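Peer 1: Sequences are here, hints too, so could you generate the full structure?
Protein sequences appear in the order of chains A and B. When we follow the numbering used here, the leftmost residue of the first sequence carries the number 1, and every step to the right adds one. When we follow the numbering used here, the leftmost residue of the second sequence carries the number 1, and every step to the right adds one.
Hints listed in this document are in silico derivations from the structure and should not be mistaken for laboratory results. Where hints are given, some of them may not hold.
Put simply, identical chains are the same to the list, so a pair is met inside one copy or across any two.
Said to hold, decoys possible - Derived DSS-like pairs: lysine-lysine, alpha-carbon spacing no greater than 30 Å straight-line:
1) Lys231 - Lys125
2) Lys125 - Lys206
3) Lys206 - Lys231
4) Lys206 - Lys238
Small disclaimer: the values here were computed from a predicted structure and weren't measured.
Number of protein chains: 2
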Amino acid sequence: MQITVLGLGLMGRPIARTLARAGHPVRGWNRSPLDAELRQGIVLCSDLRQAAEAEICLLMLAHSAATDAVLAQLEPHLRPQTTVVDMGSSDPARSQIHAERLANQGIAWVDAPVSGGPEGAAAGKLAIMAGGSAEAVAQVRTALEALGRLTHVGGAGAGHTAKVINQLIVGLSIQAVAEATALAEAHGVAPHLLRAALAGGFADSKILQIHGERMASRRYIPGGRVATQLKDLRLAAKLATSAGLDLPHLNDTLARYEQLLAAGHGDLDHSALHLLLDQGSVGA
Amino acid sequence: MQITVLGLGLMGRPIARTLARAGHPVRGWNRSPLDAELRQGIVLCSDLRQAAEAEICLLMLAHSAATDAVLAQLEPHLRPQTTVVDMGSSDPARSQIHAERLANQGIAWVDAPVSGGPEGAAAGKLAIMAGGSAEAVAQVRTALEALGRLTHVGGAGAGHTAKVINQLIVGLSIQAVAEATALAEAHGVAPHLLRAALAGGFADSKILQIHGERMASRRYIPGGRVATQLKDLRLAAKLATSAGLDLPHLNDTLARYEQLLAAGHGDLDHSALHLLLDQGSVGA
Chain A
1 MQITVLGLGL MGRPIARTLA RAGHPVRGWN RSPLDAELRQ GIVLCSDLRQ AAEAEICLLM
61 LAHSAATDAV LAQLEPHLRP QTTVVDMGSS DPARSQIHAE RLANQGIAWV DAPVSGGPEG
121 AAAGKLAIMA GGSAEAVAQV RTALEALGRL THVGGAGAGH TAKVINQLIV GLSIQAVAEA
181 TALAEAHGVA PHLLRAALAG GFADSKILQI HGERMASRRY IPGGRVATQL KDLRLAAKLA
241 TSAGLDLPHL NDTLARYEQL LAAGHGDLDH SALHLLLDQG SVGA
Chain B
1 MQITVLGLGL MGRPIARTLA RAGHPVRGWN RSPLDAELRQ GIVLCSDLRQ AAEAEICLLM
61 LAHSAATDAV LAQLEPHLRP QTTVVDMGSS DPARSQIHAE RLANQGIAWV DAPVSGGPEG
121 AAAGKLAIMA GGSAEAVAQV RTALEALGRL THVGGAGAGH TAKVINQLIV GLSIQAVAEA
181 TALAEAHGVA PHLLRAALAG GFADSKILQI HGERMASRRY IPGGRVATQL KDLRLAAKLA
241 TSAGLDLPHL NDTLARYEQL LAAGHGDLDH SALHLLLDQG SVGA
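Peer 2: Printed below as a string of structure tokens:
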């Protein structure tokens, strides 16, 4: 299956290489020119017309606006029988609009955002949350399974919804671990002993072990950036509003990330939410 | 080492049997008489005087008030060289008071609350969070390690503090999973597919998989009871107040559990926090 990967950033590059290693003919396309080193092992398309000549056009862009812009340029060149797969973390409402519009041209749509980062993409161990029709998902399943474990969670947009919910849980778990870390330190329980004691129990999680360590050591090197987490929580709040749901901890966590961004901490790891409990660390 | 287990409830009984199986001479004591079936395999003390004749007096009572009451009756009979081990989930401030008072009589103190439930106790697979002096913990380590993995987290009271923090993380994680479940259902993503998609990633946890399933199926059979979770979150709030910490998600989760109790749901599983988001499920 001919595959084009559009967006050769931190995620797109290992995705292109892993698909090629699995035996697929893969070409890449990027909005800006790539250094030879970054390009290594990836055959580039000459233009978007060539990018569109594929069974799968796989988008891996930074945010919904970039996805919309590239898709608008790509779309005039797309042929029926192509499936567009958006692996970025986009707005589910936009995905549904794209899916409907493309369907009118005989072009299939799958949203398939991932978790697992560049390491997961390189190792073929991503968690892939796929939204789309059963037929569309069936068409791309074999190719995507070279990248990791695929779960078909619902119709068009459902994959992006699942990714937003993933980020909701991550954000709220970070606040829980921040409160736990602050309370432990205030009462003289060393956070690394707390994490060791809680390992394997009901309170345990990757967030406790990995992000909890970042909080205790005050080393907020990303990992996942505050600005990215904030973007995803804004999407989550939009989903809640559109469903008439009041989700109090989502609302509060979103406000706390907004405060962190306003204080100039957008490029810190999202575990830096702990700074807001770390008395005097963040100006009001 | 002669051990007395005081409090032969759901936890105390398997603890006594597991210690005996590991080769320790163990006797049990209970506030009320025990049925022959429940007593099986446990040698009972004739009275508190005999209960006090042990290297380790291990308390496993339902709450801090019961621990205080039994300890007050036991204390006149205790000899120096005995270590009192409180494995219940008690108030850390009370534990520090007990530890100091007993130290004046040459009696050592360890608080060693656990997570892992009756199954963990029976299998010797509890997580044990121990607080106390290095000497006191060293004296009881071998015996307690028959029950599971012991982590020495700090001085007297630190074990109880760690357990309270464990419950803080559990309570806040339940709210996070409740918000995630509500959002998924509102947007047509089946919760079991969401859990499958998120398994192994940063959003994954036992709370997501186990308590998330209870929410989606609306089967709130405990597990851990709302009333117990509430008791532990009240202790967490007390710890936060005494340290001058404002922990917003703890405060809100505590208020939500109070609301659930007031609505008559104290005996449901603590995952029933989801009812407050499940529109119309709980009267105001």
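Peer 1: Tell me, please, which holds for Lys231 and Lys125 at an alpha-carbon limit of 30 Å: within, between, both or neither?
Peer 2: Only inside one copy: Lys231 and Lys125 sit 25 Å apart there, 41 Å across copies, limit 30 Å.
Peer 1: Since the copies are identical, ignore which copy is meant and state whether Lys206 and Lys238 lie within 30 Å (CA to CA) inside a copy, between copies, both or neither.
Peer 2: both (27 Å within a copy, 27 Å between copies)
Peer 1: Indicate which option fits the pair Lys206, Lys231 if close means a Cα-Cα distance not exceeding 30 Å: within, between, both or neither.
Peer 2: Both: 21 Å inside a copy, 27 Å across copies.
Peer 1: With identical chains treated as interchangeable, where does the CA-CA distance between Lys125 and Lys206 reach 30 Å or less: within a copy, between copies, both, or neither?
Peer 2: both (16 Å within a copy, 21 Å between copies)
Figure legend: structure checked against the earlier numbered hints; every hint is met.
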